[in-house]
Amino acid sequence: MSGSRIAVIAAAGAFSAAAAFGADEIASYEVEGRRSGFLYMTEETRALQEDAFLNPGMFAVEEGEALWNLVEGDEGESCASCHEDAAETMRGVAARYPVFDEKRGGLVNLELRINEMRTSYMGAEPYPYESDELLALTTYVANQSRGVPMAVEIDGPAAPFFEQGRTFYETRRGQLDLACGHCHDRHPGDMLRGDVLSEGHVNGFPIFRMLWSSMGSRHRMFEWCNTSLRAEPYPLGSEEYLALELYVAWRGRGLPIETPAVRR
Amino acid sequence: MDKRLAIVAALAALLAAGPALAQIAAYEIVEGAIPQPLTDSPGNPARGRQIVRDLDKATCLICHPMPIPEEPNHGQIGPSLTGVGARYTPGELRLRLVDPKALNPDTVMPSYHRGEDLYRVLDRFENKPIYSAQEVEDVVAYLASLDRQ
Numbered sequence: 001m002s003g004s005r006i007a008v009i010a011a012a013g014a015f016s017a018a019a020a021f022g023a024d025e026i027a028s029y030e031v032e033g034r035r036s037g038f039l040y041m042t043e044e045t046r047a048l049q050e051d052a053f054l055n056p057g058m059f060a061v062e063e064g065e066a067l068w069n070l071v072e073g074d075e076g077e078s079c080a081s082c083h084e085d086a087a088e089t090m091r092g093v094a095a096r097y098p099v100f101d102e103k104r105g106g107l108v109n110l111e112l113r114i115n116e117m118r119t120s121y122m123g124a125e126p127y128p129y130e131s132d133e134l135l136a137l138t139t140y141v142a143n144q145s146r147g148v149p150m151a152v153e154i155d156g157p158a159a160p161f162f163e164q165g166r167t168f169y170e171t172r173r174g175q176l177d178l179a180c181g182h183c184h185d186r187h188p189g190d191m192l193r194g195d196v197l198s199e200g201h202v203n204g205f206p207i208f209r210m211l212w213s214s215m216g217s218r219h220r221m222f223e224w225c226n227t228s229l230r231a232e233p234y235p236l237g238s239e240e241y242l243a244l245e246l247y248v249a250w251r252g253r254g255l256p257i258e259t260p261a262v263r264r
Numbered sequence: 001m002d003k004r005l006a007i008v009a010a011l012a013a014l015l016a017a018g019p020a021l022a023q024i025a026a027y028e029i030v031e032g033a034i035p036q037p038l039t040d041s042p043g044n045p046a047r048g049r050q051i052v053r054d055l056d057k058a059t060c061l062i063c064h065p066m067p068i069p070e071e072p073n074h075g076q077i078g079p080s081l082t083g084v085g086a087r088y089t090p091g092e093l094r095l096r097l098v099d100p101k102a103l104n105p106d107t108v109m110p111s112y113h114r115g116e117d118l119y120r121v122l123d124r125f126e127n128k129p130i131y132s133a134q135e136v137e138d139v140v141a142y143l144a145s146l147d148r149q
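Chains L and W, in that order, are what the protein sequence lines are.
Going by this note's numbering, the residue at position 210 of the first sequence is 210; the numbering climbs one at a time, nothing skipped.
Going by this note's numbering, the residue at position 76 of the second sequence is 76; the numbering climbs one at a time, nothing skipped.
Honestly, the hints are just simulated from the structure, not real lab data.
A couple of the hints might just be wrong.
To be verified - Listed next, the in silico SDA-like pairs over lysine to any residue satisfying Cα-Cα at most 25 Å (straight line): (1) W:Lys101 - L:Arg186; (2) W:Lys57 - L:Trp224; (3) W:Lys101 - L:Val108; (4) W:Lys128 - L:Arg172; (5) W:Lys101 - L:Gly181; (6) W:Lys101 - L:Trp250; (7) W:Lys57 - L:Arg166; (8) W:Lys101 - L:Glu65.
What the hints assert, rightly or not - If you want the footprint, here are the derived chain W segments under chain L, 3+ residues with CB under 8 Å: (9) 36-42; (10) 83-96; (11) 115-123.
Cβ atoms here follow ideal geometry from the backbone N, Cα and C, with glycine treated the same way.
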């Protein structure tokens, strides 16, 4: 994306092309045999997710909406002053991310894109990764894509990052010497101690996780799974987790964005 | 695996890793088993039953149903260990704990007495086997005692 404001607005226009899905059309939770984590939850947890008044993640959506409209930084701008109505301009965005970014020469995900907007266009400080603010704004933006099938670009300049992510996913690590697929490809539906394993998809993120009693990003989940294997995690927002995020998003291609999902 | 090769491999790993891995006992794989105990003091099954429940030692209950009714939430990733003592000799059980990858390189079952060759182990677990040699013996004794369905 170029440095000018015009370019941002033009790009925002292109994003809204994905708004072909009606606002309350939620694609299936199972697509070509790939099953959302939703289907591995209990009835109660599912009901909580689907009820907008009870879903604890909706607080983050509300907080995110307030931040969307908040003027901050030296330029006197808010997200809304460039992107206007998020329901239109942000619909479909979360389903395409992470993407290759020419300026960085690498991948950006939704969190890093939001921070880049703050530093490059608003003259504001970036939010720390996993701060309440960044989680809220990411949740708000991703929520605009509810029901839109994940479809990330893995060809062209994204291809080497995709391969890096695949290698990460397939590499055994930690004292338990397990790769992601040992749990999420081979044993979805089986009990791992007290947890039902799911397929490890990222379409619901940021999620409200009861174990954490808070919202958490895709990268926090990667960190949690890594340390569960007694493996040294990578920093949230790192190149390694961005590549893994691209691979895992592709693995769940077609699954609808569910943000904010509720998980055990 | 060829028996001599396995000894050489275990020794080479020990030498290469230096003092940090002195905690890994040398062992010999013979026809799908480690027939020789890793220590001189015989395993204690009661202690073994405590060890397999220990969360800090990556409890077997993460993955296996076990005849330990007072524990909730048994995993279903691996087969039930009820009756496992009737299915395997102590030497076979020892190999399945120490290095299950020698039997099935693709297995989900972790190696409980291994330190080398692991990738990105968290600092505080680096070069430490999950079970000490004596803990392996205690757990083998416990598993061998599970000889009834």
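Here is what the structure says about each hint:
1. W:Lys101 - L:Arg186: holds, 17 Å
2. W:Lys57 - L:Trp224: holds, 18 Å
3. W:Lys101 - L:Val108: Status violated; Cα separation ~38 Å.
4. W:Lys128 - L:Arg172: holds, 17 Å
5. W:Lys101 - L:Gly181: Holds, at about 17 Å.
6. W:Lys101 - L:Trp250: violated, 30 Å
7. W:Lys57 - L:Arg166: violated, 30 Å
8. W:Lys101 - L:Glu65: Status violated; Cα separation ~51 Å.
9. 36-42: Answer violated; 0 residues pass the 8 Å Cβ test.
10. 83-96: Check failed, 0 qualifying residues.
11. 115-123: Result for this restraint: holds, n = 6.
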